[in-house]
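Engineer: For chain C, the structure is supplied; the task is to place chain Y on it using the hints.
Each chain is listed here by its residues.
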Amino acid sequence: MKQVLRNTAAAFALAAATAAFGQQGPVQIVGLMELSGTGATAGTNFDNGVKLAVKEINAAGGILGRKIEYTSMDTQSAPQTAKALAQKAVDQGAYVVMGPVFSGSFIVSMAETKRAEIPNFTGGEAANITQQGNPYVFRTSFTQSTAMPKLARYIKDTVKAKSVAMVWVNNDFGKGGRDSMSKALEAQGIKVAADISTDPGQVDFSAAVLKVKQSNADAVFVYTNEEESARALRELKKQGYDKPIIGETTLTGQKVIELAGDAANGAIAHVGLTVDAPQPGIKAFDEKFQKEYKYKSDHNGMKGYTGMYVVKAITERIKKFDGKEFAKTLHGATIKVKDYPGVLLDVHFDNNGDLDRESFLVKVEKGKQVVTATLPPVSPIQ
Amino acid sequence: MADFLQLIISGTATGAIYALCALGFTLLWQASGTINFAQGEFVMLPAFVMLFFINTAGLPLWLAFLLTCLVAMLLLGYTFKRVIVDPLIRHGVIPMVIATLGLSIGVKQLTKAGVTAQAMPFSSPFPDGLLALGDFKVSYADIGTLLMAGLIVIGLQLFLNRTVTGRAMQAVAQNTDAAKVLGINVQRMVLYVFLINAVLAVVAALLVTPTYLAKFDMGESIGLKAFYAAIIGGFNQTRGALLGGVLVGVLENLTGAYISPAYKEGVALLLFLVVIIFRPEGLLGKAEERKV
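First to last, the sequence lines map onto chains C and Y.
When we follow this note's numbering, the leftmost residue of the first sequence carries the number 23, and every step to the right adds one.
When we follow this note's numbering, the leftmost residue of the second sequence carries the number 43, and every step to the right adds one.
So here's chain C without its partners, still in its complex pose (with noise of 0.2 Å):
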């Protein structure tokens, strides 16, 4: 008998022990990731961008005193996939999970998060990501929601264009566009001279541009997936499309200026972050970006290095490691930049998630992108 109870107390002192340290071994993040496939550029970007945030944090010292580890899984640009990554986070114990940046592998995948009480992070912008309720999702651009009514009234008063013909990328990310786009568009005054579905990983855009041409509206917005975006822009360009070519983000990022090449010259994108914005912070995250994977960041890069950053100032101001508490403290929450650079710009969440900061008007001029305005966050952040 007395042998059963030492050994079981040793047992329990064992146990003890092992909790004691792995309370002290690395966070573990996750980041579900397209790695290959349609979202391959995105995610790889944003994935990029995690993994600076996290050598410099694990640098300066990791979050309370621990270090990060940070492990990406490819979901291969697939919902199906991304769903089950998401369980195997969830079975490795993740603290929080980055991705998928696809918005629709993302509204498949987090319902295993919720279940775990962990809180998500995505650099998806389909409106209803963040309209299911779902306490523990974040988002590191904005909603299109916020996005789409900015660049409709650009298009009303700067453009001046009384007609639109839209392409879009019938996914949710493209649907959800679209259907914002729309509303903001109409609540403008602005008619929808052609309203064009492309498919994900199209490669032919010839038809979609004659359709544009055919619609004879005053400029077209197109709202793809990069690869897709530079495609439809050398489709453009091909066919001598000479009116204004209005895009979302992703028409003038980086990688869809490299793949476009001089077909990328004039487009115009609000985008919400960009790392030719004139900020001093931004311009030093574009160098330390270069500097580690030899090419400039797209805006996907710059979310995935501030959502890692918001991750630390919560985790700080909620002094543990503890998923619901943070999703707690970051609903209403600010972060600014004079406290937290990483975050890069001032950042305010709201209660479902979606955030609030400056934005730019962008425009491509000899394969660079120039930001031609600053727009202020919707609200002011205080």
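Incorrect hints may have been included.
No more than 30 Å apart at the CA atoms, straight line, and that leaves these computed lysine-lysine pairs for DSBU-like [to be verified]:
1. C:360 / C:77
2. C:265 / Y:179
3. C:346 / C:388
4. C:197 / Y:154
Hints in this document: simulated from the structure, not taken from any laboratory.
Computed from a predicted model, the values in this text were never measured in an experiment.
Structural biologist: Only chain Y this time, still in chain C's reference frame:
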């Protein structure tokens, strides 16, 4: 009317690229009974080889193209024949189909893991801009594609019909045993067909990659459409491959413009189904009978 003409021209240009690949399908089938389901990847690989010569070795596009033709003839022509086709072909069509499907997946995954999963830009061999004749506008890229594909096809037809080697190749395609009796080196003629297929793939890569962008999965769409085009036109006729390619390209464009771009991708499949049901030998193909 100007729009319609523009659609026909650009559709024919796209169709000409499908036709180049479809031609490869029909040539391989006629010469060796091989159906190559890695044909799309045979277009993707040269795109990356050309990019290597351009970006890493700093060579101009034309030189990169010529060097890639040599590499492709060695890898996608000679090696493909010796390592995959020769050992398997004697076991029938099914093992070949499975082997080339496996090759297709393997090549894609190797490119994804070993090179990049992301798309890469590829310069057009033709100048930017449009040729405008009144309301009718056509891009130099479409004109260049049509001219280049046309020249290749005409050159190939002349080679097959007007040269001794070309006729020997046709003889092998029509009746291998009779060709042997006539003293034709059958194996050599078959090898020539594989080499020609490799060069056609490089030309297709040069023409299509500026639009498709160089990516590990870029061959999926073109390979499938070329296969449909070859079946539609007639798998045992080179003229059929040309007709099938152009038909698919033009109909895709017309459907995209006058019905909806959403239906565009289904055109080739629909046409393929109609042909398979009502004229299984293809529009220009000849019915073949086989002993059971």
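Engineer: Hints first: check each against the structure and report whether it holds.
Structural biologist: Structure-based check of each hint:
Between residue 360 (chain C) and residue 77 (chain C), the direct Cα distance comes to roughly 20 Å. Compliance with the 30 Å bound is thereby established for this hinted pair. The suggested pairing of residue 265 (chain C) with residue 179 (chain Y) holds, with an alpha-carbon distance near 16 Å, which does not exceed 30 Å. Distance hint between residue 346 (chain C) and residue 388 (chain C) is unfulfilled; the C-alpha atoms sit about 48 Å from each other, more than 30 Å. Straight-line distance between C-alpha atoms of residue 197 (chain C) and residue 154 (chain Y) comes to about 29 Å, which keeps the hinted pair within the 30 Å bound.
Hint 3 from the list above is the single one not met by this structure.
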